[in-house]
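Chains as they are written, first to last, in my numbering: chain A, 274 to 643; chain B, 274 to 643; chain C, 5 to 394; chain D, 5 to 394.
What you were told as hints is all true, and nothing was included just to trick you.
Once the Cα atoms are required to be at most 30 Å apart in a straight line, the calculated BS3-like pairs of lysine-lysine come out as:
id, chain 1, residue 1, chain 2, residue 2
1, B, 414, D, 283
2, D, 196, A, 477
3, B, 477, C, 198
4, A, 604, D, 196
5, C, 30, B, 477
6, C, 213, C, 172
Going by beta-carbon spacing under 10 Å, a handful of chain A positions derived as facing chain C:
id, residue
7, 514
8, 563
9, 580
10, 586
11, 590
12, 593
Just so you know, these hints were derived from the structure itself, not from any lab.
Note that the structure is predicted; figures quoted are calculated from it, not measured.
Glycine included, each C-beta is placed from N, C-alpha and C at the ideal position.
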Amino acid sequence: MISFGPTEEQELIRETLREFAASELREAARPSDEASRLPDELLGKAWELGLASAAIPTEFGGDGTQRSPITNAIMLEELGHGCVSLAAAALSPSLFIHPLVDFGTEEQKREYLPLFTTSKYHAASLAFQEPSFTFDATNLKTFAEVKGDGYELSGRKRLVPMGDRASHFLVLARGGTREGLDDLEAFIVPRDAAGLTIAPELEKTMGLHSLPFVQLELDRVAVSAAARLGGADGIDGRRLLNSCRLGSAALALGLARAVMECAIPYAQERVAFGTPIARKQAIAFMLAEMQIEVNSMRWLIWKAASQLESGVDATRATTLAQTYVNRETMKIADNGVQVLGGHGFIRDYPMEMWYRNARTLTVLDGLCAL
Amino acid sequence: MISFGPTEEQELIRETLREFAASELREAARPSDEASRLPDELLGKAWELGLASAAIPTEFGGDGTQRSPITNAIMLEELGHGCVSLAAAALSPSLFIHPLVDFGTEEQKREYLPLFTTSKYHAASLAFQEPSFTFDATNLKTFAEVKGDGYELSGRKRLVPMGDRASHFLVLARGGTREGLDDLEAFIVPRDAAGLTIAPELEKTMGLHSLPFVQLELDRVAVSAAARLGGADGIDGRRLLNSCRLGSAALALGLARAVMECAIPYAQERVAFGTPIARKQAIAFMLAEMQIEVNSMRWLIWKAASQLESGVDATRATTLAQTYVNRETMKIADNGVQVLGGHGFIRDYPMEMWYRNARTLTVLDGLCAL
Amino acid sequence: MIDFELTELDQEILAEVRRQALICRKYARDLDENEAEFVPKELPEAKDFKNPFSLMSKHTEHDTPLSIMAMLVAAGASWGDYSVRMREDSGGLGNAALRASGTPEQIERWKDKRLAMAITEPSCGSDSKAIQTTAVLDGDEWIINGEKIFVTTGCRADGVVVWATLDKSAGRAGIKSFIIMKGAPGFEVTHKEKKLGIRADDTAAMVFKDCRIARDHLLGLNENIPKQGAGGFRAVMKTFNNTRPFVAAIGLGMAQAALDFTRDALAREGVEVDWDGGKHSRSAVQQELIEIEAEIEAGMLDALHASWLSGNGAPNNLEASIAKAKGGEVARTATSRCLELLGGLGITRDHLAEKWFRDARITDIYEGTGQIQRLIIAREILGYSSSELS
Amino acid sequence: MIDFELTELDQEILAEVRRQALICRKYARDLDENEAEFVPKELPEAKDFKNPFSLMSKHTEHDTPLSIMAMLVAAGASWGDYSVRMREDSGGLGNAALRASGTPEQIERWKDKRLAMAITEPSCGSDSKAIQTTAVLDGDEWIINGEKIFVTTGCRADGVVVWATLDKSAGRAGIKSFIIMKGAPGFEVTHKEKKLGIRADDTAAMVFKDCRIARDHLLGLNENIPKQGAGGFRAVMKTFNNTRPFVAAIGLGMAQAALDFTRDALAREGVEVDWDGGKHSRSAVQQELIEIEAEIEAGMLDALHASWLSGNGAPNNLEASIAKAKGGEVARTATSRCLELLGGLGITRDHLAEKWFRDARITDIYEGTGQIQRLIIAREILGYSSSELS
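Using the sequences and the hints, build the whole thing.
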């Protein structure tokens, strides 16, 4: 039955996070960007909202509510509205937790989920991106080879979020036994694994300055059979990717809405040629276009998230949503800069930061999971 | 030396054709479209302008001026400004004449070029398009097989312009001996060749109503070795295709300019909400966009044509021009309809015809040659 | 609860719509070529046609509500052929206006008539303030004088709802809606437009020359001209709130038809989207198919959202215009992009793709162009009046 | 004769530009990170730098004229790094204004100074009528009061050409240009902007507080305020006709740099455009590469066309705005599309691609936004005044 109505609980969560985003994230966004520094106290505050433990069943110490991709999409939009960079940092443990909840064996859940149920932010991450301009999930260059009872992982990963402090990485690799996404496997690799070299992204990124990225080099990293996520069953690679892609898309939606909500009052206040620029069709139509696309993006994300939630294959819906959201977010951020003109180009306003963040976010999958 | 200045002769030709297009083509365009009928008398008048014989050297009875793709681009823009459908009909012999001038052996030129130097319009055409939705010039399904001293041609062609009256077809086929465009060959096939079946396009086309198209079926059509264009040397398939693609692009440019020049006065005269709609930024910016792209298209076409003229490989420049022109022409025609609103949708105005013609023209290569 | 799944009943209804649509499609080409009226009830197959909405009797609160189903049914019908939809239901925009603004007696009196809506005049588009058609009360009769164009289904309708002004100096507040039935003295349909598309659908031009109608033919019966504000005009405009997403859905049905045809045609030649791959494993054509599908999906969700709001009695002026703006744009661009993908064969009249391209183009023009919709959206989000942003 | 081929001399000049550009590129990252001034003359390699225009001494009538070469040189320099160009020539926009509006004596006096141009104020963008900075004659001195922002190269310039009004009630006709050198009493550079891009290039905010300058610092020395028309304003605006295509060319140089980098990076991983193939033989990425290249090419040809006209002494107000509108749009979209093609690696600061994306964004903003350019274009083709279309 088609409905666009959030539950009362979802409305409540939305309100809470909207306030948090406005009071905490938005405030910290610019200083963190300028300093390329992630404020630890903010991670702590975000953690207290229970973002991580909400997805963890009570039996493993979590809050046990049903893991809901739709609720997550609503949450991520709000956090992204505050600051996508800080939001991604706060939520990056979901890259580890959600796949574990979705695919982990009983033992894996018991071993790792409790890490995230204490009162202190605990970092873990997903290693997905690789050092190739033609990087494609169907064609990873990181391989897992069966060695004895376990596996040996070899390859290079880049742009691993929160990798500077993650205690564990979920490393995506090819098993080499099947085709395309069917061949996708995930391995739990502790930070101190032999053969794993972690280096910061020395040159940093254009946007998302407050999100620390690292590079991983896996030189025949030996892991036990128990490190293979899902054990003998492995994972549903499509579901994992869809979850990550929709996570980024929901953040982007929040960013796009932030741009719009900044451009509207600016255009109303800014007077040129004797009249507020918002009263000029060229500007007014740009703003209208933003509203059209913010709405459209949200429904595409919700539809894909609802498929993820009901367990049907959401690959097609996710591809549609991601393709659309990446393009429209960038267009909105670009037009946001244009509405502000010179003020869109200087760092006194948040717009140029959003422009950089939009372009950075929309070329990366896997900054958080839905 | 970079220059955008036409020669005096080119200016003169432009003026002449602009007048002809305005007085003859524009007048006949709508009645021909409604009746799906090509007025013979118009073909005669166009022929008298010497469009065909200009490219034919004096030794073969032509006017002998240097064949100039740049001049042709200027001409085609003007004729397309009048009516692309009638212009394509008037110029379709160029599809046969220009390749013959460019690649024909001495014997081939002597035999066929004089057909076009009389005072009466003489139809010949190029058979290129095939019955496949994934049609691609690098992958033709019409083959030429060596049989004895000659060749046997087999395959199916569609949308052959002026095929209802063409005395000869230049049939594009694969030789089967080389890769991609290097394998492209052209054969001169008379209308009455054994094994050649000519059928009208029963269902007609959405636009270009006055241009008669036919389908060809080649069932082991035997031709002599002398029918192979260029003899033992064959042809430069790239040059042939570039010439055809730029021909269509130049026509499209004329059409786009016609749309703009109709939309501008309409928007100035049409009053809504108490003011001419041209004074609203939403409309004014659409018109400005049309002018930007009409200019941009013209320079891209001229640049590619100048490469064709100087004999260097114009494939890259042609691809850029064609890609750009196809997209922008369609956008201009689409916005032209939008500026006229309801009047853009009814057949009292030329706009809806240009919209159909634009979409039709921009999916077909090879309606005339530059 | 946020949900996008169709229930079994939803699917059953839409399956019936599609079954009929496929039958009607067989006649579409011929009717277009002949610019002929299209009455599905007279098709040989029509005796088996069920009214899809009759299946709604089985409807429970777990099924998708009627407001949303109406969009899906509209898109499903125009997926077959644009004209099918127009012929199936009992009337056009005029009936919607009657339901929105008529008194209970008026609604009862004319509910079974097919009513077109006559707004546009030769010198005004969406600018209702500029309406020149006048209504003057003469005893117990109104005398109507004026000219209307672009009256959809104006030829075959039983009557027309006409916008006319009681007092030009009063602006919008002076505009009233009148029901004028065919046969009224001085009412003449002068012209049937020849069009780019929707050719099997009549578009009329009409003249009212001292046309006399009874006093009770004023919709709503309110003869007052309020001193301030737009008077009943707002209520009249509400009619359009409901039709805007509907019109978008119709356009999107055609866009979906074009995409489905294109996808099938290309798939038969081995070109299909691999949904697993990223941008580096896609062909240019696959990428284009994905983008077109995303556009249509976005437009359809906007239409469903606007109708979901209205079904809940929530205001949806903003969302109705979003749906119409997006739907109108998608209808024109998606069909055009499909033709580009199909190449030369797509523009032949062998297939209906070229017809859908022509038919769909009206979506961004009628019932308020995309530009008008963007003005409405911008005014809503900026809190501007129509004089502050014009 | 219509021709697009570069002569040997043309190519020699551009090769020298490229050689220097590649050297400057080595320093670009560091200067961006430190938001530092960039003076190529001080680079270790600079002793070998030739002024490319010095090669023009060999120029004949068969070579591409200077007006066009200036565009190619500008694009060639910004292909290396945006800041290279700004530092190389002797001045900024202020020098162009001096040349356009100064008396011979004024031109001679200040020709060797680097002059910035101060137009924008905190409460006005491109709206010159709204200028609040005032100039009042007091004996033989002008007293200037006001605030200016977005003054490109305002920090390092030797002086500034400032727009100020003699009489606010006179509108544009009251606006005059004054040369104010650094050190003038009451003239203070208050702020260096931190920016998205072109960070090695200073953008200043400045204040004039009872700033006194000699009477002969009024550019052109014409103190009259014409009763009708815009007075000398038209002449001042002519300055921009010459700079608009130039600014476009600079942006397009960056776009070309991004495309070349992207093409090379992808080619090293085996992804290259096959120019022979049609759309059915192209990958999505190849198609995108083709479209970006076509956009850049179109923009560059528009810039060359506008400069060809001005070189011939022909009016080019329309074409200059076409070049700026197109160039500005291409600069922002092409660099953005390239980053999208490069994926995750493109947004790291390992490479300059992300810098070009940031730098290029200014192209569609400064010296008249894309919206202002479209207004100019529309007015030209519609024959409207600025009050008829605003």
